[in-house]
Amino acid sequence: MDGITYYRDADVPFFELKAGSTDQLSYKKHYHEDFSVGLVEKGASRLWHEGRQAEVLPDSLVVIPPGVFHACNPRDRAHWQFKMLFVAPAWLDSVVPKGRPGGVRCLHGRAYERLMSQAAYCLMDSGAPLAKESCVLALFAALCGARDRWTDGGGGESAGLRQVREYLEAHFLDRITLASLEAVSGLSKYYIVKLFKKKYGVPPHVYQTMLRVNFAEKELRRQRDLAAVAQDAGFYDQSHFTKTFRSHVGVTPEVYQRAHS
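So for the sequence shown, full-length UniProt numbering puts the first residue at 1; every next one is plus one.
Keep in mind the hints are simulated off the structure, nothing from the lab. Where is the CB? At the ideal position from N, CA and C, for every residue including glycine. Careful: at least some of the hints might be erroneous.
Derived SDA-like pairs: lysine to any residue, alpha-carbon spacing no greater than 20 Å straight-line [claimed, not checked]:
id	residue 1	residue 2
1	K194	P13
2	K28	S158
3	K28	P203
4	K194	I176
5	K42	E133
6	K29	S188
7	K218	P13
8	K198	K42
9	K194	G67
10	K28	G234
Now the in silico label distances, taken between C-beta atoms and shown as ranges [stated by the list, open to error]:
id	residue 1	residue 2	range
11	S261	N73	20 to 30 Å
12	Y27	K197	31 to 41 Å
13	Q238	A141	38 to 48 Å
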(Lines of atoms letter the chains of each structure in order from A; the text may use other names.)
(Lines give C-alpha, C1' and ligand atoms only; values in the text may rest on other atoms or scores of the structure.)
Protein backbone atom coordinates (compact mmCIF):
# COMPACT_ATOMS: atom_id res chain seq x y z
CA MET A 1 0.00 0.00 0.00
CA ASP A 2 2.75 2.40 -1.03
CA GLY A 3 4.41 2.00 2.38
CA ILE A 4 1.41 3.40 4.24
CA THR A 5 -1.07 1.42 6.35
CA TYR A 6 -4.18 2.69 8.13
CA TYR A 7 -5.78 1.11 11.18
CA ARG A 8 -9.36 1.84 12.22
CA ASP A 9 -11.86 0.08 14.48
CA ALA A 10 -15.59 0.69 14.03
CA ASP A 11 -16.02 0.37 17.81
CA VAL A 12 -13.68 3.32 18.42
CA PRO A 13 -14.26 5.48 15.32
CA PHE A 14 -12.72 8.56 16.93
CA PHE A 15 -9.20 7.09 16.47
CA GLU A 16 -7.12 6.38 13.39
CA LEU A 17 -3.55 5.14 13.21
CA LYS A 18 -1.33 5.68 10.19
CA ALA A 19 1.96 3.78 9.94
CA GLY A 20 4.52 4.44 7.25
CA SER A 21 7.93 3.44 6.00
CA THR A 22 8.58 4.60 2.46
CA ASP A 23 11.05 6.43 0.27
CA GLN A 24 8.26 7.97 -1.81
CA LEU A 25 6.61 10.11 0.83
CA SER A 26 6.59 13.90 0.64
CA TYR A 27 4.03 16.21 2.19
CA LYS A 28 2.96 19.72 1.29
CA LYS A 29 1.71 22.09 3.95
CA HIS A 30 -1.56 20.75 5.30
CA TYR A 31 -3.63 20.46 8.45
CA HIS A 32 -5.86 17.90 10.14
CA GLU A 33 -9.26 18.30 11.72
CA ASP A 34 -8.14 15.90 14.45
CA PHE A 35 -5.41 16.07 17.04
CA SER A 36 -2.39 14.30 15.61
CA VAL A 37 0.46 12.72 17.52
CA GLY A 38 3.42 11.52 15.49
CA LEU A 39 6.20 9.20 16.59
CA VAL A 40 9.40 9.20 14.53
CA GLU A 41 10.76 5.68 14.91
CA LYS A 42 13.68 5.76 12.48
CA GLY A 43 15.51 8.58 10.78
CA ALA A 44 15.08 12.28 11.35
CA SER A 45 12.40 14.65 10.07
CA ARG A 46 12.13 18.29 9.18
CA LEU A 47 9.01 19.83 10.68
CA TRP A 48 7.58 23.09 9.34
CA HIS A 49 4.74 24.73 11.24
CA GLU A 50 3.44 28.27 11.33
CA GLY A 51 6.55 29.67 9.65
CA ARG A 52 8.99 27.82 11.90
CA GLN A 53 11.41 24.99 11.19
CA ALA A 54 12.42 22.23 13.58
CA GLU A 55 14.28 18.94 13.40
CA VAL A 56 12.55 15.88 14.85
CA LEU A 57 14.92 13.13 15.97
CA PRO A 58 14.15 9.41 16.37
CA ASP A 59 11.93 8.42 19.32
CA SER A 60 10.49 11.93 19.47
CA LEU A 61 6.79 12.78 19.64
CA VAL A 62 5.27 15.64 17.69
CA VAL A 63 1.82 16.78 18.80
CA ILE A 64 -0.18 19.05 16.50
CA PRO A 65 -3.60 20.50 17.39
CA PRO A 66 -6.41 20.62 14.83
CA GLY A 67 -6.26 23.34 12.19
CA VAL A 68 -2.51 24.01 12.43
CA PHE A 69 -0.76 23.99 9.06
CA HIS A 70 2.39 21.90 9.04
CA ALA A 71 4.60 19.69 6.90
CA CYS A 72 6.82 16.91 8.21
CA ASN A 73 9.18 15.25 5.76
CA PRO A 74 12.15 12.88 6.14
CA ARG A 75 15.67 14.20 6.08
CA ASP A 76 16.70 10.87 4.51
CA ARG A 77 13.81 9.04 2.85
CA ALA A 78 15.68 5.74 2.76
CA HIS A 79 15.78 5.58 6.56
CA TRP A 80 12.45 6.91 7.82
CA GLN A 81 9.69 5.20 9.73
CA PHE A 82 6.84 6.78 11.64
CA LYS A 83 3.44 6.29 13.22
CA MET A 84 0.76 8.95 13.37
CA LEU A 85 -2.26 8.84 15.67
CA PHE A 86 -5.34 10.94 14.88
CA VAL A 87 -7.84 11.63 17.66
CA ALA A 88 -11.19 13.37 17.23
CA PRO A 89 -11.35 16.58 19.33
CA ALA A 90 -14.86 15.72 20.56
CA TRP A 91 -13.60 12.49 22.15
CA LEU A 92 -10.70 14.28 23.80
CA ASP A 93 -12.98 16.98 25.20
CA SER A 94 -15.21 14.31 26.70
CA VAL A 95 -12.53 12.33 28.53
CA VAL A 96 -9.66 14.67 29.50
CA PRO A 97 -10.83 17.04 32.24
CA LYS A 98 -7.61 19.08 32.21
CA GLY A 99 -8.39 20.43 28.75
CA ARG A 100 -6.70 20.19 25.38
CA PRO A 101 -2.97 20.59 24.85
CA GLY A 102 -2.38 23.73 22.81
CA GLY A 103 0.23 24.65 20.23
CA VAL A 104 2.71 22.47 18.38
CA ARG A 105 5.23 20.65 20.51
CA CYS A 106 8.06 18.18 20.02
CA LEU A 107 8.51 16.01 23.11
CA HIS A 108 11.44 13.81 24.08
CA GLY A 109 11.57 11.12 26.72
CA ARG A 110 11.10 7.41 27.09
CA ALA A 111 7.80 7.85 28.95
CA TYR A 112 6.14 9.64 26.03
CA GLU A 113 7.61 7.23 23.48
CA ARG A 114 6.44 4.23 25.52
CA LEU A 115 2.87 5.55 25.88
CA MET A 116 2.63 6.33 22.17
CA SER A 117 4.01 2.90 21.22
CA GLN A 118 1.53 1.19 23.53
CA ALA A 119 -1.37 3.14 22.02
CA ALA A 120 -0.21 2.34 18.48
CA TYR A 121 0.23 -1.38 19.10
CA CYS A 122 -3.12 -1.53 20.85
CA LEU A 123 -4.88 0.12 17.89
CA MET A 124 -3.15 -2.23 15.47
CA ASP A 125 -4.34 -5.22 17.47
CA SER A 126 -7.75 -6.87 17.22
CA GLY A 127 -8.31 -6.50 20.94
CA ALA A 128 -11.13 -4.98 22.96
CA PRO A 129 -12.28 -1.39 22.33
CA LEU A 130 -11.90 -0.64 26.04
CA ALA A 131 -8.19 -1.45 25.88
CA LYS A 132 -7.70 0.77 22.84
CA GLU A 133 -9.51 3.70 24.38
CA SER A 134 -7.64 3.28 27.67
CA CYS A 135 -4.23 3.33 25.96
CA VAL A 136 -5.02 6.50 24.02
CA LEU A 137 -6.42 8.11 27.16
CA ALA A 138 -3.23 7.32 29.07
CA LEU A 139 -1.18 8.99 26.34
CA PHE A 140 -3.26 12.17 26.27
CA ALA A 141 -3.44 12.37 30.04
CA ALA A 142 0.36 12.57 30.04
CA LEU A 143 0.40 15.10 27.20
CA CYS A 144 -2.17 17.34 28.86
CA GLY A 145 -0.29 17.11 32.14
CA ALA A 146 2.61 18.87 30.41
CA ARG A 147 0.38 21.56 28.91
CA ASP A 148 2.15 24.42 30.70
CA ARG A 149 5.21 23.71 28.56
CA TRP A 150 3.39 23.90 25.23
CA THR A 151 4.32 26.61 22.76
CA ASP A 152 1.88 29.22 21.58
CA GLY A 153 1.19 29.60 17.88
CA GLY A 154 1.69 33.32 18.39
CA GLY A 155 -0.57 36.32 18.07
CA GLY A 156 -4.31 36.67 18.36
CA GLU A 157 -6.79 36.54 15.52
CA SER A 158 -8.21 39.86 14.37
CA ALA A 159 -11.91 40.22 13.57
CA GLY A 160 -11.13 40.67 9.87
CA LEU A 161 -8.96 37.55 9.71
CA ARG A 162 -11.55 35.57 11.60
CA GLN A 163 -14.18 36.61 9.06
CA VAL A 164 -11.90 35.52 6.20
CA ARG A 165 -11.25 32.15 7.83
CA GLU A 166 -14.92 31.57 8.65
CA TYR A 167 -15.95 32.50 5.12
CA LEU A 168 -13.44 30.05 3.65
CA GLU A 169 -14.68 27.30 5.96
CA ALA A 170 -18.32 27.96 5.02
CA HIS A 171 -17.79 28.33 1.26
CA PHE A 172 -14.69 26.26 0.44
CA LEU A 173 -16.53 24.33 -2.28
CA ASP A 174 -17.44 27.56 -4.06
CA ARG A 175 -15.41 29.75 -6.40
CA ILE A 176 -13.88 32.23 -3.96
CA THR A 177 -12.07 35.39 -5.05
CA LEU A 178 -10.03 37.93 -3.13
CA ALA A 179 -12.80 40.40 -3.91
CA SER A 180 -15.31 38.26 -2.00
CA LEU A 181 -12.92 37.97 0.95
CA GLU A 182 -12.37 41.71 0.83
CA ALA A 183 -16.13 42.28 0.95
CA VAL A 184 -16.73 40.10 4.02
CA SER A 185 -13.71 41.25 6.03
CA GLY A 186 -13.20 44.92 5.18
CA LEU A 187 -9.49 44.21 4.64
CA SER A 188 -7.72 45.06 1.41
CA LYS A 189 -6.71 42.20 -0.90
CA TYR A 190 -3.05 42.86 -0.15
CA TYR A 191 -3.52 42.67 3.61
CA ILE A 192 -5.75 39.61 3.39
CA VAL A 193 -2.96 37.61 1.77
CA LYS A 194 -0.19 39.12 3.90
CA LEU A 195 -1.90 38.83 7.29
CA PHE A 196 -3.54 35.47 6.63
CA LYS A 197 -0.22 33.91 5.68
CA LYS A 198 1.49 35.49 8.67
CA LYS A 199 -1.12 34.09 11.06
CA TYR A 200 -1.69 30.63 9.57
CA GLY A 201 1.51 30.03 7.62
CA VAL A 202 -0.26 29.62 4.27
CA PRO A 203 -2.20 31.95 1.94
CA PRO A 204 -6.02 31.74 1.71
CA HIS A 205 -6.06 29.62 -1.47
CA VAL A 206 -3.96 26.91 0.19
CA TYR A 207 -6.32 26.96 3.17
CA GLN A 208 -9.24 26.44 0.79
CA THR A 209 -7.47 23.54 -0.90
CA MET A 210 -6.88 21.88 2.45
CA LEU A 211 -10.54 22.22 3.34
CA ARG A 212 -11.41 20.51 0.06
CA VAL A 213 -8.95 17.69 0.74
CA ASN A 214 -10.42 17.15 4.22
CA PHE A 215 -13.90 17.06 2.67
CA ALA A 216 -12.69 14.51 0.11
CA GLU A 217 -11.29 12.28 2.86
CA LYS A 218 -14.71 12.09 4.51
CA GLU A 219 -16.43 11.31 1.22
CA LEU A 220 -13.89 8.62 0.31
CA ARG A 221 -14.46 6.94 3.68
CA ARG A 222 -18.12 6.67 2.62
CA GLN A 223 -16.91 4.62 -0.40
CA ARG A 224 -18.27 7.09 -2.93
CA ASP A 225 -17.19 7.06 -6.57
CA LEU A 226 -13.78 8.66 -6.99
CA ALA A 227 -14.75 10.83 -9.94
CA ALA A 228 -17.83 12.08 -8.11
CA VAL A 229 -15.78 12.94 -5.03
CA ALA A 230 -13.25 14.83 -7.15
CA GLN A 231 -16.00 16.86 -8.77
CA ASP A 232 -17.87 17.54 -5.54
CA ALA A 233 -14.65 18.60 -3.82
CA GLY A 234 -14.05 21.25 -6.49
CA PHE A 235 -11.19 19.70 -8.47
CA TYR A 236 -11.37 20.29 -12.20
CA ASP A 237 -10.36 16.73 -13.12
CA GLN A 238 -9.44 13.47 -11.43
CA SER A 239 -5.75 13.79 -12.27
CA HIS A 240 -5.57 17.13 -10.47
CA PHE A 241 -7.50 15.63 -7.56
CA THR A 242 -5.15 12.65 -7.29
CA LYS A 243 -2.01 14.78 -7.42
CA THR A 244 -3.28 17.27 -4.84
CA PHE A 245 -4.69 14.61 -2.52
CA ARG A 246 -1.49 12.61 -2.48
CA SER A 247 0.66 15.67 -1.86
CA HIS A 248 -1.35 16.40 1.31
CA VAL A 249 -2.34 12.96 2.60
CA GLY A 250 0.64 10.90 1.44
CA VAL A 251 -1.32 8.32 -0.57
CA THR A 252 -3.59 8.44 -3.61
CA PRO A 253 -7.38 8.65 -3.20
CA GLU A 254 -7.68 5.04 -4.39
CA VAL A 255 -5.26 3.77 -1.75
CA TYR A 256 -6.90 5.87 0.94
CA GLN A 257 -10.38 4.57 0.05
CA ARG A 258 -9.27 0.92 0.02
CA ALA A 259 -7.66 1.38 3.42
CA HIS A 260 -11.00 2.57 4.81
CA SER A 261 -13.23 -0.02 3.16
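>> If you test the structure against every hint from before, which numbers come out violated?
In response: Per hint list: 1, 2, 5, 6, 8 and 12 violated.
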